[in-house]
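> Going down the list, the sequences are from chains A and B. All the letters of the first sequence, read from the start, carry residue numbers 3 to 390 under my numbering. All the letters of the second sequence, read from the start, carry residue numbers 227 to 668 under my numbering.
Keep in mind the hints are simulated off the structure, nothing from the lab.
Pairs of lysine to aspartate or glutamate residues, derived as DMTMM-like cross-links and limited to a Cα-Cα distance of at most 25 Å, are as follows: (1) A:Lys124 to B:Glu619; (2) A:Lys124 to B:Asp582; (3) B:Lys406 to A:Asp137; (4) B:Lys408 to A:Glu290; (5) B:Lys415 to A:Asp308; (6) B:Lys408 to A:Asp137; (7) A:Lys309 to B:Asp353; (8) B:Lys403 to A:Asp308; (9) B:Lys403 to A:Glu290; (10) A:Lys313 to B:Asp316; (11) B:Lys406 to A:Asp136; (12) B:Lys415 to A:Glu311; (13) B:Lys408 to A:Asp136; (14) B:Lys403 to A:Asp136; (15) B:Lys408 to A:Asp312; (16) B:Lys392 to A:Asp99; (17) A:Lys309 to B:Asp399; (18) A:Lys313 to B:Asp325; (19) A:Lys309 to B:Glu379; (20) A:Lys353 to B:Glu379; (21) B:Lys620 to A:Asp72; (22) A:Lys293 to B:Glu407; (23) B:Lys415 to B:Glu263; (24) A:Lys353 to B:Asp320; (25) A:Lys310 to B:Glu407; (26) B:Lys312 to A:Glu349; (27) B:Lys415 to A:Asp136; (28) B:Lys420 to A:Asp308; (29) B:Lys403 to A:Glu289.
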Amino acid sequence: MNVKEIVARCEALFEDLRFNAVQQWKAALPGRKAIGYMPVYVPHEIIHAAGFLPVGIFGGGDQIEVIQGDAYYQSYICRIPRSTVELGLSGRLDCLDGMLFPSVCDVIRNLSGMWQIMFKDKYVRYIDVPQNYDDAIGGTFYISEMQHLRDDLGALRGQPITDAELNASIAVYNENRKAIRDLYSYRAQKPWQAPTSEVYLLLRAGCVLPPEEHTPLVRAYIAAADVEKRARRDNARVVMTGSFCEQPPLGLIKSIEMSGCYVVDDEFMLAFRWLMDEVPADGNPLEELSKAFLHRSAQSASKYDDKKEDKGRYLLHQVKSRGAEGVIFAAPSFCDPALLERPMLQEVLAKQKIPYTAFKYAENTGQMAPIREQAGTFADSIKLWSAA
Amino acid sequence: MSTPTMQPQIAPKAKPQVLKEDAMWLQKEMINRNYHELATAHQDGRKVSATFVPGNLNELLMCFNFARSLPETNALQNGMRKKSGKMIMDAERDGHSEDVCTYVKADLGMMLQGQVGPTGEPLPHPDVLLLSYTGCFTFMKWFELIRQKYNCETVMLHVPYQGDGKVSPAMRDYVVKQLKEKVIPTLEKVSGVKFDIDRLRQYMRESVKAEENLVRVLQSAKNRPSPIDGYFGAVYYIGPIFTAFRGMPEATRYYDTLWSEVEQRIREKKGPVTPEGEMAEEKYRLVVEGPPNWTSFRDFWKMFYDEGAVIVASTYAKVGGVYDFGFRHDAERPLESLAEYCLGCYTNLNFPQRIDMICKYLDEYQADGLLINSIKSCNSFSAGQLLMLREVEKRTGKPAAFIESDLVDPRYFSAANIKNRLESYFQMIKQKRVAQAAAGVH
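Here chain A stands alone, though its shape is the one from the complex (with noise of 0.2 Å):
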């Protein structure tokens, strides 16, 4: 396939909102189940263990009239939860057998309980997981989490799942997770030729397809782009940070390219990134699980920073290893995680002499003008100020 026909591909499962994808990947095989999850993280290696398919549910984006979902929230509070509702009263998520809600902020929290009222018939579970990072405390809590979800979905398949199950998983994930650090790896080195409109359509097809076929895909992707004749621009390389929940819609992050930034990071759909290194595929797999998020995980806004030093490490890191020159601040609406963060993380910036910006979308944000304009003055200052 060239990058035309993957590109092509990832779009029409992104705009798919009936989950089509999950409806075939399920009829191929009698006693298939597929299991929801929201943003930030979930160990989709447990899912997978138990021979279901992990569905990343990031809200409706800008193709879905919200009409039921609004109805449950103030206007006060983000997009995400309302789209979301939406999807599942209008029966687009009946496809799920059940879904997981972790712990990202208190807006997330309350709907798993809300879920819990509205879709009595499915699994629900509020994903805890630790903000105290020693193995002993910390370690053995999020352990006995992953536990009782591991033997709610063994019950859900009528059978438990077994170490050597949850080994394989870690592996298949293992792979799934190297090829997209191989992908962003890419985009650093060739912004131009791995546009994050696209890399980010490719991590959206990860939500609905099953690793074994999401890993290809990204491998597939990279070879493909690598061979594209595109134009190199002169554009300001930046990481775009705060949408690790709701996410953008696709013509925001167009824009921001074509105003004349290269993304050459981000925190889109961090699930798939959050663990930063190999999980060893033959120890114990929950202990593993659990090493690698205490202390191999990625930073967000969603945990906690045990020290003062922590808190910007992983932002000035992605800004350092990938050579970008500024960074975007682009948050959802009343996304209290990402806005209460942004002062702290620009006050880092600051003291490294780094430039930002900051703007807030929403899921559905349509008018794309003013968020142009205010990336296309930030490249330019940048490029002035390098110039300099």
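Dock chain B against chain A, hints included.
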């Protein structure tokens, strides 16, 4: 020479005398005294802790002689004194989003203005931030922000959420382990005081006495007429136990005094004391979900008592501990009991539990309906309240209403809108009564 025109002498408008129960005055004295203790703590050689109301570990902090500050209380006190608006705007000018919690911005704005507390005395920089992450995501970022400013020692106590509607042994053990291995060693290090578990036990025994009387007071609203207002009045009643006084003999005395007053009111079949005197006639009995607005607290309350509406139970009065469903601090298993206290605070309950609680209140307190005061700042309370409203109506058949305001941002209190909605709501309750009476006749 022209004679200056004599202006008619206008006597300054006398401020109406605010009526309060004795216990309310006593509570005010206690709160003010705590602010004074905080102001002088460092010169008195005491260390200062800051922690949050839900899941606050007052007994534990007292074991280390800390002077105790509670940032939400500081923000709400500033709100009641009409100081928070400027603080919030200062924080927004300093780069904080207009979308986020106004308690946080009031606190940060107070720092920007020189860290003068609500009573006018300076508030010291905390020596330790005990980040009891209970039922509110914002707490975590709030203390990270303060740590960023002051660089003070911060210790996290992660209290898992009751997603399944219950406390598992793993959740309790997790909190206990953090207390043993993180919180207590940090408090020892900062204070220089060795932890004494018997001292903790003693404070916890004292806490129970206050808790017993608090529950008696809150449950007195089951009487008709209710001798208390379980929301506006309860804000004063929960003050000492939810803040720096739980476990102190002062709190015990306060709740003894309060209960004596309330008992007497029950005997005399009196209604609640409002700022304008005793409520004459109880026309409506309501349950309220959500925190109050603080910047227009008295105007807000007046909208109720003017109409003869009394709040018989509120979820907000359980935000620092759900005692009326049986929890008491247990000196025999002190750390486990502290963990259970944190895990059981209202905003750490899942949605079905919160709805069950409200339905139970509506039934047990013979309330006419539910009013939700949805707070812009507080996603922990607010996200999902519209579903709550539907569910409660469906399960109880009682009418529910929805109003919106904010904690301490005066820009989000629209008196006219709220008053209109309340008047319509009271009409609705009246009509429902007429319809029920008619149905009963037939």
